[in-house]
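Protein chains: 2
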Amino acid sequence: MKLSFIGAGNLAWHLAMAFENAGNFICEVYSRDEKNARRLISMLYDARLNPDLNFAESESELFVLAIPDDAIEEVTAQLVLPENALVVHTSGSKSLESLRQLMDIYSDVPVRTGVFYPLQTFSKGINPLPFETIPLCIEASDKSTEKLLIALGQELSQIVYLVNSHERKVLHIAAVFACNFTNYLFGIAKDLTDSENLEFDLLKPLIEETVQKALDARHPAEVQTGPARRGDVTTLSLHRAYLSDKPELLHLYRMLSEGIQTRR
Amino acid sequence: MKLSFIGAGNLAWHLAMAFENAGNFICEVYSRDEKNARRLISMLYDARLNPDLNFAESESELFVLAIPDDAIEEVTAQLVLPENALVVHTSGSKSLESLRQLMDIYSDVPVRTGVFYPLQTFSKGINPLPFETIPLCIEASDKSTEKLLIALGQELSQIVYLVNSHERKVLHIAAVFACNFTNYLFGIAKDLTDSENLEFDLLKPLIEETVQKALDARHPAEVQTGPARRGDVTTLSLHRAYLSDKPELLHLYRMLSEGIQTRR
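Keeping their order, the protein sequence lines are chains H and E. Position one of the first sequence corresponds to residue 1 (full-length UniProt numbering), numbered consecutively onward. Position one of the second sequence corresponds to residue 1 (full-length UniProt numbering), numbered consecutively onward.
Hints in this document: simulated from the structure, not taken from any laboratory. Accuracy of the hints is not assured; some may be wrong.
Repeated chains share a single entry, so a pair holds when one copy, or any two copies, can fit it.
Below, a list of computed lysine to aspartate or glutamate pairs in the EDC-like style, where the Cα atoms sit at most 16 Å apart [stated by the list, open to error]:
{"#": "1", "residue 1": "213", "residue 2": "201"}
{"#": "2", "residue 1": "204", "residue 2": "216"}
{"#": "3", "residue 1": "204", "residue 2": "132"}
{"#": "4", "residue 1": "147", "residue 2": "97"}
{"#": "5", "residue 1": "147", "residue 2": "61"}
{"#": "6", "residue 1": "246", "residue 2": "104"}
{"#": "7", "residue 1": "147", "residue 2": "73"}
All values reported here derive from a predicted model rather than from experimental measurement.
Extracted from the complex, chain H is given alone in its bound form:
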C-alpha cells in the first residue's frame, strides 16, 4: 500500500519504518518542522518531502496523522486530499467522530476516516521497537475501511484489536494511571534518594521484580505488599513523620495508603 505521513515526530518515526518494513511504501512526509521531515525521509526507501498540506496529486491511498491531538483541527483545515482517500489519526483520546466531523467541514471531496492507535510510547533515536508485540487499536467509519486497516495492522503486529472510541478513551485513562502516574512516582522515589545522597539504583531490582509480579498476577491487588497492605501502623506513622515537611508528598502518601487499606 502507498501511504503518506503528516507529522514526523516520535510516533511517525517508528510507525513509518514499520510500515515500510512490512512491504508498504511511503510516498510523502509533511511536517511543520521541515528538519524533522527530512530526517525521517532519510530513513525511508524513496519518500519525498511534501512542502505543505496539499496532497491532491498524491498517489497514496492512506494518510496518517501522526501529530499532537490539539494540532488535528488546524491541520485538517488545510489538508487537501485526493478523492476517496483514507485518513487516520493515531490518538488515544480523539474520537473517530471528531475526525469525521472535521473532514466533513474541511474536505472538498469525500474521504474515509479511521483510527490507527498503537498503544505504546515512542522515543526517536532509540532503536526501532519490535512492532509485532505492540497492540494496535483500530476503528473505522465503514466496514471495508475497517477490514483494510485490520489487514494493514496485522502486517505490523500480532495484536490487532477493534476498539471503539469510548473503549479507546478508557484504555488511555488506564494507561495514564499505569504508566504516566507510575513514572511520576518513580520520580518521587528518585528525589527522595537524591535528597539523602542515596543511590536510586539500589531500588531498581525491587522495582523490576514488583512490576513483573504485578503483570504476572491475575490482579495486581493480589500481589500488593507494603506497610499499608499489612496494616503496619507503626511504619505508616514513621513514614508520615518523615514526610511532614513535604506536604504534597505527605498528602499523596496518605491517599495512596488509604486506597490500599480500603481495598484489602
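Since chain H is already given, all that's left is putting chain E on it; use the hints.
Structure of chain E alone, referenced to chain H:
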C-alpha cells in the same frame, strides 16, 4: 558460618537457601508456624527444628530475625541466645538502636546486633531469586560485626552497602512510592479495563516500556509523558469527566496530574 533462622516466611525461604548456597550452614529454624519451619528445613542441608525460642545450646554464631516488624519485640522477649551471639533483623523500617535496646532489656548475656536488609520483595514457592543482584543493606553495632556482615553479604550479592538506620528508612519510603504505590496504580488500571470488558494485557507492553525508560533515564522526570506533561487540557478534562462518578479515582487523577504539571 553457622547460623539459625527465626522465622520461615517468604524472606527466610530465599535468604536461608542463599546462605547455604554460599557455603554456610543453617543449624536451626524456628517459626510460630511449625509447618512453615518444616517446609523450609526440607529445603536445607541438615537444619533441625527448634521447637521454641531457646537457642542457649545452639552452635550458631548468627541469628537472623526474618519476622514481621511488629513481632520483633515479642520474639526478642522470649529469645535465649548463647553469649556473644550476633542477632540481626531484616527490616526496612526498624532502627538498629531499637533492636539494641530490646536485647539490652531482654537478653541475660551480652550479644552483638546488626541489620541485614535485602532490598527486594520475596514470594515463597517462586523460583529462588538471583541474590547476586539484590542490594543488601548492612548496619552493625560495632566495627568488627560490620566487617563480618559485609563479608557475609558479599558471599551472597555483588551489591552490599553500609546504610544507617535513617538512610534505610528513606530507602524504604522511596520503595513504598516506587513499588507499593505503583502496584496500586496498576490495580486501578486493571479495574478500569475490567469495568469495560477490555483486556488489561493490552497495556502490558506500554507498562514494560515505560518502566524500562524510567530506569534507564538520568531522572524519571526526563521521560515523563502523558496529557499532564503536555499540558493537554482537552484530554485532562475528558478524563476527569469519565472519572466523575468515581470520586477517589478522580481525586487521585487530579493530584497526580497537578504534581506532574508543577514539576514541568
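Going down the list of hints, with the structure as the test:
1. When the C-alpha separation of residue 213 and residue 201 is checked against a cutoff of 16 Å, the pair qualifies only between copies, where the shortest distance is 14 Å, while the shortest distance within a copy is 19 Å.
2. In the homo-oligomer, the alpha carbons of residue 204 and residue 216 lie at most 16 Å apart only across protomers (10 Å), although the nearest pairing inside one protomer, at 18 Å, exceeds that limit.
3. Proximity of residue 204 to residue 132 under the C-alpha cut-off of 16 Å is restricted to the inter-copy arrangement: shortest distance 14 Å between copies versus 27 Å within a copy.
4. For a Cα distance limit of 16 Å, the shortest separation of residue 147 from residue 97 qualifies neither inside one copy, at 18 Å, nor across copies, at 68 Å.
5. In this homomeric assembly, residue 147 and residue 61 come within 16 Å of each other (Cα to Cα) only inside a single copy, at 14 Å, whereas the closest approach across copies is 71 Å.
6. Within a single copy, residue 246 and residue 104 get their C-alpha atoms no closer than 51 Å, and across copies no closer than 36 Å, so neither meets the 16 Å cut-off.
7. With identical chains, the CA atoms of residue 147 and residue 73 are never at most 16 Å apart, being 26 Å at best within one copy and 67 Å at best between copies.
Figure legend: structure checked against the earlier numbered hints; hints not met, in rising order: 4, 6, 7.
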